[in-house]
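S.K.: At position 129 of the sequence shown the residue is numbered 925 (this note's numbering), and the sequence of numbers has no breaks.
Each hint should be verified, as a subset may be incorrect.
As the list claims (entries may be wrong) - Below 20 Å or equal to it, Euclidean Cα-Cα: the simulated SDA-like pairs (lysine to any residue) are:
#, residue 1, residue 2
1, Lys1018, Ile1075
2, Lys975, Ile996
3, Lys1062, Val1036
4, Lys1015, Ser1084
5, Lys864, Arg842
6, Lys994, Leu974
7, Lys881, Gly819
8, Lys946, Asn935
9, Lys946, Thr910
10, Lys1090, Lys1031
11, Lys1074, Arg1014
12, Lys1000, Ser1058
13, Lys864, Asn922
14, Lys932, Val965
15, Lys975, Glu1001
16, Lys932, Gln1073
17, Lys907, Asn830
18, Lys907, Asp966
19, Lys930, Gln898
20, Lys864, Thr854
21, Lys1062, Gln1081
22, Lys881, Ala909
23, Lys881, Asp855
24, Lys946, Ser968
25, Lys932, Gly819
26, Lys1074, Trp939
27, Lys1031, Leu941
28, Lys1062, Ile1075
29, Lys938, Asn972
30, Lys1121, Leu1047
31, Lys872, Gln898
32, Lys946, Lys852
33, Lys852, Asp820
34, Lys930, Phe823
To be verified - Label pairs and their computed distance ranges (CB to CB):
#, residue 1, residue 2, range
35, Asn835, Glu1106, 46 to 54 Å
36, Glu1117, Asp857, 51 to 59 Å
37, Ala1051, Lys1121, 19 to 27 Å
38, Lys932, Asp800, 13 to 21 Å
39, Glu853, Ala954, 43 to 51 Å
40, Thr978, Lys921, 21 to 29 Å
By construction, these hints were calculated from the structure, which means they are not laboratory data.
Remember, predicted model here, so these are calculated numbers, not experimental data.
Just so you know, even glycine gets a beta-carbon here, dropped at the ideal spot from N, CA and C.
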Amino acid sequence: MTYDQIIAQLQKKQFAPIYFLMGDEPFYIDEISNFIEENAMQEEQRDFNQVLVYGKETDADEVIALAKEFPFGTEKRVVIVKEAKELKNVERLVKYAENPAQTTIVVVCYKYATLRATQLKAAEKNSVIFRSEKMKDYNLSKWILSHVDKYQFKMQPAVAELLAENIGVDLSRIDNELKKLTIFLPPNSEITADIIEKHIGISKEYNVFELKDALAARKIDKAYKIVHYLCQNIKQTPNVQTVNALSSFYLQLLAYNLSDKSIEAKAKVFGSNAFIQKINVGHAQNHSVLELQKIIGILREYDAKTKGVESNLPDEELLKELVYKITH
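Just need the whole structure built from these sequences, with the hints factored in.
M.R.: Rendered as structure tokens:
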């Protein structure tokens, strides 16, 4: 089932006896688990009927025993298993799913892993199975634009791109930053670059998004000014994040230049946002295939150096070196 389908059922109080929430994107796993934790029963009923356990501190037999206990003063019990990847004898929990107790909701949070295909087949009859896939870089700004609706905000594509480039694919952090803005902004407010700078701490002038644009437009002086700012704030925007963003960007430009440059190819490479498409097509046209390949090679070299491979230079010096090589 998809995330939206599961949430729609939960909002109607249609609970399955067991949920297997798996995959590499923890945000949606947490969202579903938290929704059940907060809405399956009244707050005053939770002390006796809602249990939270951790996989590394328990085993499947204990979870099953908890699931078979009868609820007290309510129709359902809830048993939530966090860090289920560490759960011992998980195959017994899969066996339990073939004939689960109808008076208990079991939520198994299996982050950064999945059950085997044979286990899923055995469990699927009475379970809700959700696979949470990691967000792709090129879909992140689009996701942000849709996600601001959750908090009744508005946002322009350029601002979404600013957040995407400077935070990266960390949906939980982006969600937390938007949630914090509800303290300062009334409903239906537009989140601008000024608001991002003031409340989230991402400079509207000196950030990874602007660095990418300056490099692609060959604005060397501007690129160096941005690098100087990033070096002074290296903990806020670590090199790993900057190199990943630049690598993804130049790989997109190369993919577009190697494509047939059709409308379909443009959407496939740069996403459906017309604003982003227009900017990036211009940048792609400003570079030859050979030039892009050389830059990508430089970025791969510095990706390794940033992770400590054959380099002991401070992060600030590595970033300066990287940008110098790209611009020369």
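S.K.: Are lysine 932 and glycine 819 close enough, with their CA atoms no more than 20 Å apart?
M.R.: holds, 14 Å
S.K.: Under the criterion that the straight-line Cα-Cα distance not exceed 20 Å, is the pair lysine 872, glutamine 898 satisfied?
M.R.: holds, 8 Å
S.K.: Assess, step by step, whether the Cα of lysine 930 is no farther than 20 Å from the Cα of glutamine 898, and give holds or violated.
M.R.: violated, 32 Å
S.K.: Using the beta carbons of asparagine 835 and glutamate 1106, state whether their distance is inside 46 to 54 Å or not.
M.R.: holds, 52 Å
S.K.: Quick one, are lysine 1074 and arginine 1014 close enough, alpha carbons at most 20 Å?
M.R.: holds, 17 Å
S.K.: Straight-line Cα separation of lysine 1000 and serine 1058 no greater than 20 Å?
M.R.: violated, 32 Å
S.K.: Is lysine 975 close enough to isoleucine 996, meaning Cα to Cα at most 20 Å?
M.R.: holds, 11 Å
S.K.: Taking only the CA atoms, is the gap from lysine 1090 to lysine 1031 under or equal to 20 Å?
M.R.: violated, 28 Å
S.K.: Are threonine 978 and lysine 921 spaced within 21 to 29 Å by their CB atoms?
M.R.: With Cβ atoms ~41 Å apart, the hint is violated.
S.K.: Quick one: are glutamate 853 and alanine 954 within 43 to 51 Å, going by C-beta?
M.R.: For glutamate 853 and alanine 954 the Cβ distance comes to about 46 Å; the hint holds.
S.K.: Lysine 907 and aspartate 966 were given as a pair; does the straight-line alpha-carbon distance stay at or below 20 Å?
M.R.: holds, 15 Å
S.K.: Please work out if lysine 946 and serine 968 have their alpha carbons no farther apart than 20 Å.
M.R.: holds, 14 Å
The earlier numbered hints that this structure contradicts are 3, 9, 10, 12, 15, 19, 27, 32, 40.
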